[in-house]
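Each chain, letter by letter, is given below.
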Amino acid sequence: ETGVTQSPTHLIKTRGQQVTLRCSSQSGHNTVSWYQQALGQGPQFIFQYYREEENGRGNFPPRFSGLQFPNYSSELNVNALELDDSALYLCASSLDFGHGLGGTGELFFGEGSRLTVL
Amino acid sequence: DQQVKQNSPSLSVQEGRISILNCDYTNSMFDYFLWYKKYPAEGPTFLISISSIKDKNEDGRFTVFLNKSAKHLSLHIVPSQPGDSAVYFCAASGGGADGLTFGKGTHLIIQP
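For the protein sequence lines, the chains are A and B, in the order given.
Convert by adding 27 to the 1-based position in the first sequence; the result is the number in our numbering.
Convert by adding 1331 to the 1-based position in the second sequence; the result is the number in our numbering.
Do not take every clue at face value.
Stated by the list, open to error - Partial selection, computed: residues in chain B whose CB lies under 8 angstroms from chain A:
| # | residue |
| --- | --- |
| 1 | Gly1347 |
| 2 | Leu1365 |
| 3 | Pro1371 |
| 4 | Ala1372 |
| 5 | Glu1373 |
| 6 | Phe1377 |
| 7 | Ser1380 |
| 8 | Ala1401 |
| 9 | Phe1420 |
| 10 | Asp1429 |
| 11 | Gly1430 |
| 12 | Leu1431 |
| 13 | Phe1433 |
| 14 | Gly1434 |
| 15 | Lys1435 |
| 16 | Gly1436 |
Simulated from the structure, these hints should not be mistaken for lab results.
All C-beta atoms, glycine included, are put in the ideal place defined by N, C-alpha and C.
Start from the sequences, fold in the hints, and give me the full structure.
Below, the structure written as C-alpha cells:
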C-alpha cells in the first residue's frame, strides 16, 4: 500500500460534462503527478504539480487542468468530456520531482479512478 | 510515436525459471529507467530502477540490465514465483518535471 488515495474509484459521465477527480498524497510528499491509462496502453503523463504550481505538462489539451493544495492533496479537472477521455486516471506522489534534483524518480501511485464517458 | 516500447504483450514462464522482460527506447535524452509492476485493480508499484551511468542494478530476485548503445533494457526475475504474475511496465525519465514515459506493458504469467 502506497498511502496515496484516490476518489471516486469509478464514475460514469456523459459527453460534454465536467469531472473532478481527487487525490490524497503520501505523507511528506510535495509533488503530485497525474497519468491517464487507456485500455491496453501504458500510463500517459498529464501534468505535475510541485508546491502548488504546475511545473510540467504532457501532450494534453487545456481542458485538462489541476490544482494542488497546501496539504499537497490534488484535483484533476476535465471539462467538455469526450468519449476518448474514458480511461483509468492515476495519481502519483513523490518527494521532489525528477531524479536530477535529488529525488529518486520513484512515484507512488494510487489505485486510480476509472472514468467512463458515454 | 512511442518512445518506450515493450514489444511482448505477454510472456508465460514456468515457476522457478528465469523471466526476462525487454524494453527498448528511442529518446537519447532518457537517463533514468524504472520498472513498475501492476496487479488488476491496483495502481502500479515501483520495482527497481537504473541510472544511465550504470549497466546493471540488482535487488534480490530482480536485476535490471541497461545497454545504452542499443537503447535497450531488460528485467530479469529469478527464480520466478506465482506472485510475480502481473503486468510489468518499463518507464523512462529525462529528469526534471517531464514525468515518466511508459511502455504499453508486458503481462507476465507464471505457470505452476
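Comparing the hints with the structure gives:
Residue-level restraint check for Gly1347(B) is violated (minimum Cβ-Cβ distance to chain A is 29 angstroms; threshold 8 angstroms). Annotation: interface hint on Leu1365(B) holds; nearest CB of chain A at approximately 6 angstroms, less than 8 angstroms. The criterion of a C-beta within 8 angstroms of any C-beta in chain A is not met by Pro1371(B), whose closest approach is roughly 11 angstroms, and the hint is violated. For the restraint placing Ala1372(B) at the interface with chain A, the shortest Cβ-Cβ distance is roughly 7 angstroms, inside the 8 angstroms limit, so the hint holds.
Hint status for Glu1373(B): holds, given a least beta-carbon distance of 6 angstroms to chain A, under 8 angstroms. Contact between Phe1377(B) and chain A, as hinted, is supported at the beta carbon level, the nearest pair being about 5 angstroms apart and thus within 8 angstroms. For Ser1380(B), the shortest C-beta to C-beta distance to chain A is roughly 6 angstroms, which falls under 8 angstroms, so the interface hint holds. The interface hint given for Ala1401(B) is broken, as the beta carbon of that residue sits about 21 angstroms from the closest beta carbon of chain A, more than 8 angstroms.
Residue-level restraint check for Phe1420(B) holds (minimum Cβ-Cβ distance to chain A is 5 angstroms; threshold 8 angstroms). Look at Asp1429(B): its Cβ gets to within about 6 angstroms of chain A, closer than 8 angstroms, so that hint holds up. For Gly1430(B), the suggested interface contact is upheld, since its CB lies about 3 angstroms from the closest CB of chain A, less than 8 angstroms. At a threshold of 8 angstroms, the smallest CB-CB gap from Leu1431(B) to chain A is about 6 angstroms, leaving the interface hint in force.
Satisfaction of the interface hint for Phe1433(B) is found here, the shortest Cβ-Cβ separation to chain A being roughly 3 angstroms, below the 8 angstroms cut-off. Interface hint at Gly1434(B): satisfied, since its Cβ lies 5 angstroms from the closest Cβ of chain A, which is below the 8 angstroms cut-off. Because the closest C-beta pair between Lys1435(B) and chain A is about 5 angstroms apart, less than 8 angstroms, the hint holds. Of the supplied interface hints, the one on Gly1436(B) holds, with its beta-carbon coming within about 6 angstroms of a beta-carbon of chain A, less than 8 angstroms.
Consistency with the previously given hints fails for numbers 1, 3, 8, ordered from lowest to highest.
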